[in-house]
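Letter by letter, the chains look like this.
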Amino acid sequence: MTPLEVYERVRERFPAAVVEVVEKGINPFAVIDPAAIIDVGRFLRDDPDTAMDCLSNESGVDYKDRIEVVYHLFSYRHRHGAVLKVKLPRDNPTVATAETVWKSANWMEREIFDLLGVTFEGHSDLRRLLMPEDWPGHPLRKDFVEPLEYHGISTVRDSPIIRLDAKKK
Amino acid sequence: MSEFSTEEMTLNMGPQHPSTHGVLRFIIRADGEVMREAIPDVGYLHRSIEKIAEKVGYHGFMPYTDRVDYVCAMFTNQGWGMACEKLGNIEVPKRGEYCRVIAAEFNRLASHLLSVGSMAMDIGANTPFTHAIREREMINDLLEELCGARLTFNYMRIGGVAWDLPPGYREKALAYLDHLEPILDEYDSLISYNKIYVKRLANIGIISAQEAIDYNLVGPNLRGSGVKWDIRKDIPYSVYNEFEFDVPVGKGEWGTVGDSMDRYMVRMREMRESCKILRQALTKIPDGAVLAKVPRNFKPPAGECQIRIESGRGDMGWYAVSDGSGYPWRVHVRTGSFAAMGIINKLSRGLMIADLVTLIASLDVIAPEIDR
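Residue numbers (my numbering), protein chains in the order written: chain A, 1 to 169; chain B, 1001 to 1372.
Just so you know, not all the hints are guaranteed correct.
Claimed, not checked - In silico contact screen, one side only, chain B against chain A (beta carbon under 8 Å); selected entries:
no. : residue
1   : E1050
2   : Y1215
3   : F1245
4   : G1303
5   : Q1306
6   : V1321
7   : R1334
Since the hints were made in silico from the structure, they are not lab data. Glycine is no exception: its CB is placed at the ideal position from the N, C-alpha and C atoms.
I would like the entire structure built from these sequences, with the hints used as guidance.
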């Protein structure tokens, strides 16, 4: 099945869930209503014609006016894929966890929570993955400003070239 | 638990531990020598490479991709190159693609040699490691001739590769393959069929095919579970459809399908397949340019793409979003080690503490690739 056929199938099953399908571009994608994403995912996994048994990639993108969570699905049985997206508000973005459908979502959602601040409801272990637990903010947000120090450790350093110049004088 | 249950212990393993292949920490809850759970704690090597991409532009990001996975940096180079080429709709010259395949397959050999060698060392057999490293050094020499670097290559560019093969490279490379193939057999007789070694690996950390797909395991870890899937073969990219090679899968010869021994054997067999590909590539390489004309101020049209390549640690997915400017809006790389780390907690339950080392080594986890 081509991705567009997959999205058509989703639309037949959940008419209200598909917000839009973007056909042009390298990878056509479907924007799904955040409230329905888990039902859609489970349907795509369990339907024998789509059989998306693998969540190949889950990532988040900050678009300044919204945050998108992108799901790259793949089926090992039929060798086809699909891209689903949910659009979330930038303040307090929340969506249900895909962990109940694909186990691999566990860590990928922890990473998105850590770096973009998206809360995944129902996640079994939603802790920061990469950054320290007390780190302020979410680094992959576009408006993130790196703090000058962390527990007394400076996060900036003088340019060694400037330091050399200062020595010469 | 049985009547032998004792008080639960919490142990700390790492971040500085010789068998964790980088800076990686586990918190182990154990009852005697049997683990109840091993909780991975990652992030010690987090450099936010994805954020750096947003600041340095398309060409400028290439050297940084080396640092995503320094054990097989050619693949991260190629992944980023391919993502940009797809966004900008650039075609790589044929000879450039062949150069990429040659560099990448040599890198795969180096990566697998390191993996199987360090696996033997983690388990307690020190000599095979030195043998594997000896051969890997020669590959490093070959790659150094190609690009001047031994670890972080920065060899590929958007639109091809930076330099053509140096004169006499084909003969040197073929001579090395003649040297390596008997060594692989020797390696097999030295360690692969060693009874102690097999006993340490067989039936440890069994992953079923269903589980492997559910946890998104990729590459040798997925094939070790019996799933015949290789991006090079099934979704061919570059010029891989022009070569003949097999995709080895785990068969459970010494235990159960999907145990650590299967993953080890898949890597051993893949090295022979890489040799096959290299021989074909080195003999079939066409003449011509190696680098397409790409503007220095590369601005791909707004859009997004995902590409998948088969790295030494399996299917590596690059997701790139362009907004039409000279800087990528967002880059995400989903790596093999990241997925492999997600399953360790589950597999560790009921294992002996000593077998955790086997498990990590058999999944071929490279710490910088998890954290990026």
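- Item | Interface restraint verdict for E1050 (chain B) against chain A (beta-carbon cut-off 8 Å) | E1050 (chain B) check passes; min Cβ-Cβ to chain A is 7 Å, inside 8 Å.
- Item | Status of the hint placing F1245 (chain B) at chain A (closest C-beta pair under 8 Å) | 19 Å, violated
- Item | Supplied contact hint for Q1306 (chain B), tested at 8 Å Cβ to chain A | 6 Å, holds
- Is the shortest C-beta separation between G1303 (chain B) and chain A less than 8 Å? Given a least distance of 5 Å, the restraint on G1303 (chain B) holds.
- Minimum beta-carbon distance criterion (8 Å), Y1215 (chain B) to chain A: 5 Å, holds
- Have a go at the V1321 (chain B) hint: is there a Cβ in chain A nearer than 8 Å to its own Cβ? At 6 Å from the nearest chain A Cβ, V1321 (chain B) passes the 8 Å test, so the hint holds.
- Task: Identify whether the interface hint at R1334 (chain B) stands, where standing means a beta carbon of chain A within less than 8 Å of its own.
- Result: 4 Å, holds
Hint 3 from the earlier list is the only one contradicted by this structure; the remaining hints agree with it.
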